Every structure is written in structure tokens, then in C-alpha cells.
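From just these sequences and the hints, can you work out the full model?
Protein chains in written order, with my numbering: chain A, 1 to 63; chain B, 1 to 63.
A portion of the hints provided could be inaccurate.
Which copy is meant is left open, so a pair is good if it fits within one copy or across any two.
Heads up, simulated SDA-like pairs for lysine to any residue below, C-alpha to C-alpha not over 25 Å straight-line [what the hints assert, rightly or not]:
(1) LYS41 with GLU11
(2) LYS44 with MET1
(3) LYS12 with ASP28
(4) LYS44 with LEU16
(5) LYS12 with ASP39
(6) LYS12 with PHE37
(7) LYS12 with ILE36
(8) LYS12 with GLY38
(9) LYS41 with GLU15
(10) LYS12 with MET1
(11) LYS12 with CYS2
Note that these hints are calculated values from the structure, not bench results. Bear in mind that the values here come from a model prediction, so they are computed numbers and not experimental data.
Residues per chain are reported as follows:
2 protein chains.
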Amino acid sequence: MCEATAYLMKEKSEELLMEAVDTVIPEDGGIRLVSIFGDQKFIKGYIYSLSLVNHKVFIKLHG
Amino acid sequence: MCEATAYLMKEKSEELLMEAVDTVIPEDGGIRLVSIFGDQKFIKGYIYSLSLVNHKVFIKLHG
Numbered sequence: 001m002c003e004a005t006a007y008l009m010k011e012k013s014e015e016l017l018m019e020a021v022d023t024v025i026p027e028d029g030g031i032r033l034v035s036i037f038g039d040q041k042f043i044k045g046y047i048y049s050l051s052l053v054n055h056k057v058f059i060k061l062h063g
Numbered sequence: 001m002c003e004a005t006a007y008l009m010k011e012k013s014e015e016l017l018m019e020a021v022d023t024v025i026p027e028d029g030g031i032r033l034v035s036i037f038g039d040q041k042f043i044k045g046y047i048y049s050l051s052l053v054n055h056k057v058f059i060k061l062h063g
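So, in C-alpha cells, the structure goes:
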């Protein structure tokens, strides 16, 4: 399986947002992360970068 | 390996941009896609959505 871990990028660190992320879809004012288990999380941010071989998705908050 | 295929989303279709994408990193005015083979492609766009279990990354052009 090729799900990834999503991290929220902060000024000096990264915070674990969600594990086993399958889809990330745009939604009003942000993005919705959905895991392979069906867990969902809405974030007022955007997909900043990807490192897929490392199974990592980096998210940044707007503004 | 968990690389993905990147598609450019157009109004009514999707165009194959790059296969075996490993990293996608922001760069002035767009994003740079790098494949597991080291191929690179700069796109004046952003990461629109992800479907990781399906190994798909969707890119949209700015504006």
C-alpha cells in the first residue's frame, strides 16, 4: 500500500497530522485528508510538497 | 516503491505529466517534479489533489 503520512509544516518543526493518508482533496478554504481507514481531517491549508518514496506529504497552513 | 504518476488537470481531461514521481517541491512560481530516475520537470502550477493508493498526483496550472 502506498498511503503516506501527512505532516503540518510549522516555522521550526513538523507536526504529525495524519497517518495512512490515501486522498487529499481540495475543499472550500482548504483541503480534506482521508486515510485508508476512512478517518477525515479538514485543514485550512494546502499541499506544500511531496516525498512519495518516503511516504511523506507536507501541508502548510494558509497565510 | 511508492512513486506516483502526475497528471495535469485540464478543463475536460487529464494529461500525463510524469511517471514515477518521487518528490514535488515548490519553486518560484510553481513546482518541480522529480522522478525516481532523476528526471525533472518544472510546472507553473500547484498540487491540486492526491490519490495515493492509486499512485496519482493531480496538478493544476495557476490562474
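At most 25 Å between C-alpha atoms: does LYS12 with ILE36 qualify within a copy, between copies, both, or neither? Close neither inside one copy (29 Å) nor across copies (28 Å); limit 25 Å.
Please sort LYS12 with PHE37 into within, between, both or neither, judging by C-alpha distance up to 25 Å. neither (30 Å within a copy, 31 Å between copies)
Checking LYS44 and LEU16: alpha-carbon separation at most 25 Å within a copy, between copies, both or neither? within (15 Å within a copy, 29 Å between copies)
Regarding LYS12 and ASP39, is the shortest C-alpha distance of 25 Å or less found within a copy, between copies, in both, or in neither? neither (27 Å within a copy, 30 Å between copies)
Within, between, both or neither: how does the pair LYS41, GLU15 come out at a Cα-Cα threshold of 25 Å? For LYS41 and GLU15, the Cα distance is within 25 Å only inside one copy (14 Å; across copies 29 Å).
LYS12 and ASP28: within-copy, between-copy, both or neither at 25 Å Cα: between (27 Å within a copy, 21 Å between copies)
Could you place LYS12 and CYS2 in one of the four classes (within, between, both, neither) given a Cα distance threshold of 25 Å? neither (28 Å within a copy, 27 Å between copies)
For LYS44 vs MET1, is the C-alpha pair at or below 25 Å within one copy, between two copies, both, or neither? Neither: 27 Å inside a chain and 30 Å across chains, both beyond 25 Å.
Is it within, between, both or neither when you check LYS12 against GLY38 at 25 Å Cα-Cα? Close neither inside one copy (30 Å) nor across copies (29 Å); limit 25 Å.
How would you classify LYS41 and GLU11 at a CA-CA limit of 25 Å: within, between, both, or neither? within (21 Å within a copy, 28 Å between copies)
Indicate which option fits the pair LYS12, MET1 if close means a Cα-Cα distance not exceeding 25 Å: within, between, both or neither. neither (30 Å within a copy, 29 Å between copies)
Figure legend: structure checked against the earlier numbered hints; hints not met, in rising order: 2, 5, 6, 7, 8, 10 and 11.
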